[in-house]
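S.K.: Could you put the whole structure together from the sequences, leaning on the hints where they help?
In order, the protein sequences belong to chains A and V.
Going by our numbering, the first residue of the first sequence is number 40, and it counts up by one from there.
Going by our numbering, the first residue of the second sequence is number 40, and it counts up by one from there.
Some hints could be false.
When chains are identical, the list treats them as one kind, so a pair holds in a single copy or across two.
Stated by the list, open to error - Cross-link-like lysine to any residue pairs, in silico, SDA-like; alpha carbons within 20 Å at most:
no.: 1; residue 1: K160; residue 2: F217
no.: 2; residue 1: K160; residue 2: A208
no.: 3; residue 1: K57; residue 2: I218
no.: 4; residue 1: K48; residue 2: T59
no.: 5; residue 1: K160; residue 2: Q219
no.: 6; residue 1: K85; residue 2: Q219
no.: 7; residue 1: K160; residue 2: I218
no.: 8; residue 1: K63; residue 2: Y216
no.: 9; residue 1: K85; residue 2: T66
no.: 10; residue 1: K160; residue 2: I209
no.: 11; residue 1: K48; residue 2: R62
Worth flagging that the hints you see were computed from the coordinates, not collected in a lab.
Read off the chains here:
There are 2 protein chains.
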Amino acid sequence: MASGRFRAKLWPARARVKSTQLRKDLTYFGQFGTRGLGYDVEQLSKMISDLLGTTSLQPVILVGVGNLGLALLSYRGFEQEGFEIVAAFDINLERKRNKDIPTPIHSMERLPEFVRERGVKMAILTVPTPVAQEITNTLVDCGITGILNFAPIVLHVPEDVMVNNVNLAIELENLSYFIQQ
Amino acid sequence: MASGRFRAKLWPARARVKSTQLRKDLTYFGQFGTRGLGYDVEQLSKMISDLLGTTSLQPVILVGVGNLGLALLSYRGFEQEGFEIVAAFDINLERKRNKDIPTPIHSMERLPEFVRERGVKMAILTVPTPVAQEITNTLVDCGITGILNFAPIVLHVPEDVMVNNVNLAIELENLSYFIQQ
DNA sequence: ATATGTGAATAGGTTCACAGCC
DNA sequence: GGCTGTGAACCTATTCACATAT
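M.R.: Rendered as structure tokens:
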């Protein structure tokens with residue numbers, strides 16, 4: 040499957056997905072395979088990244104350079120998927136330099152200007168819970184329309200802004216529930 | 040709602056959940072409210088933590104003390120939810136001490152013994168992708184039945200083992216897709 | 001023969017509408 | 001009046017069964 044073709048009928052075992060599921064999902068966006076043969080990997084891959092809007096490198100900012108924020112800055116798995124953390128922001132600029140991270144870290148005051156100038160649309164929010172809503176409001180005002188939120192609260196945003204939550208405690212609770220025997 | 044009662048009819052606006060949804064969900068586990076009045080917070084809270092298995096502090100181990108692993112070790116949000124990271128494991132014990140973390144960090148060799156002796160059932164997996172499956176096999180052999188996996192691959196485990204995936208790139212892609220206008 | 005594409009059937013989850021209780 | 005509890009109605013997502021193309 041490295042290049043050439045892949046077959047929905049044979050491949051899904053690896054991904055634990057049923058073949059019909061995969062094909063049905065694809066049909067919502069069009070027809071991409073050839074019957075009896077399979078799918079052209081290159082063509083399919085292109086259409087998916089067009090669909091996800093990751094064809095060109097998307098700029099993302101990170102707000103809140105604490106432990107988790109630093110970890111995400113060091114995580115080089117985003118670029119591979121078409122995202123680039125172009126800058127990070129924090130109230131405290133001291134003690135953030137212990138790791139050598141290529142991403143510039145700015146003070147919060149520079150955020151609005153930066154976001155507007157660069158036309159950034161997405162933000163990763165790794166700030167302490169008590170200030171998460173307040174900072175979210177700022178982000179929305181600057182024109183951010185997608186927020187990946189790590190604070191364990193429900194953020195309130197206008198309808199045209201999308202929030203995606205990552206709540207690690209809930210993930211563990213989930214496991215805990217299903218584990219019991 | 041701090042203590043006393045809460046009403047499903049009034050409260051959900053904050054959590055962006057419909058009142059019927061909340062009530063329906065609760066009925067799958069029994070009846071906990073009183074009609075016309077609401078729910079007793081203490082009683083409901085107790086039943087939920089019983090249900091989630093978080094009534095007593097659950098021991099969890101963390102495997103892979105890289106950037107993300109370190110961040111999670113510093114994250115004090117788990118205890119609050121009934122989980123305690125009792126130990127961390129890594130192949131490389133050097134350079135892990137730059138942060139002062141209360142959790143002991145052991146070498147991988149000590150993992151099987153530790154897990155068996157302490158009867159740990161849950162693990163947080165923050166190792167590099169290429170070794171994730173191999174280490175998962177070890178964990179399963181030691182008796183771990185719940186894995187919170189941060190590596191971007193589908194882990195293969197026996198039926199009685201549950202894997203919960205956290206894939207940050209996918210979360211961003213999700214946002215990216217819904218953001219486009 | 002093999003694999004895709006898709007309407008029909010099924011399963012799963014959410015919302016409605018209202019009965020029951022305070 | 002208030003709010004919970006719940007069958008019925010509704011909506012969404014998955015699976016089946018098979019027509020279609022190579």
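S.K.: None of the hints should be skipped; say for each whether it holds.
M.R.: Against the structure, the hints:
no. : hint          : verdict
1   : K160 <-> F217 : between (37 Å within a copy, 11 Å between copies)
2   : K160 <-> A208 : between (27 Å within a copy, 16 Å between copies)
3   : K57 <-> I218  : neither (25 Å within a copy, 28 Å between copies)
4   : K48 <-> T59   : within (8 Å within a copy, 40 Å between copies)
5   : K160 <-> Q219 : between (42 Å within a copy, 10 Å between copies)
6   : K85 <-> Q219  : between (43 Å within a copy, 17 Å between copies)
7   : K160 <-> I218 : between (39 Å within a copy, 8 Å between copies)
8   : K63 <-> Y216  : between (31 Å within a copy, 19 Å between copies)
9   : K85 <-> T66   : within (16 Å within a copy, 46 Å between copies)
10  : K160 <-> I209 : between (27 Å within a copy, 17 Å between copies)
11  : K48 <-> R62   : within (9 Å within a copy, 41 Å between copies)
Hint 3 alone, counting from the list given before, is not met by this structure.
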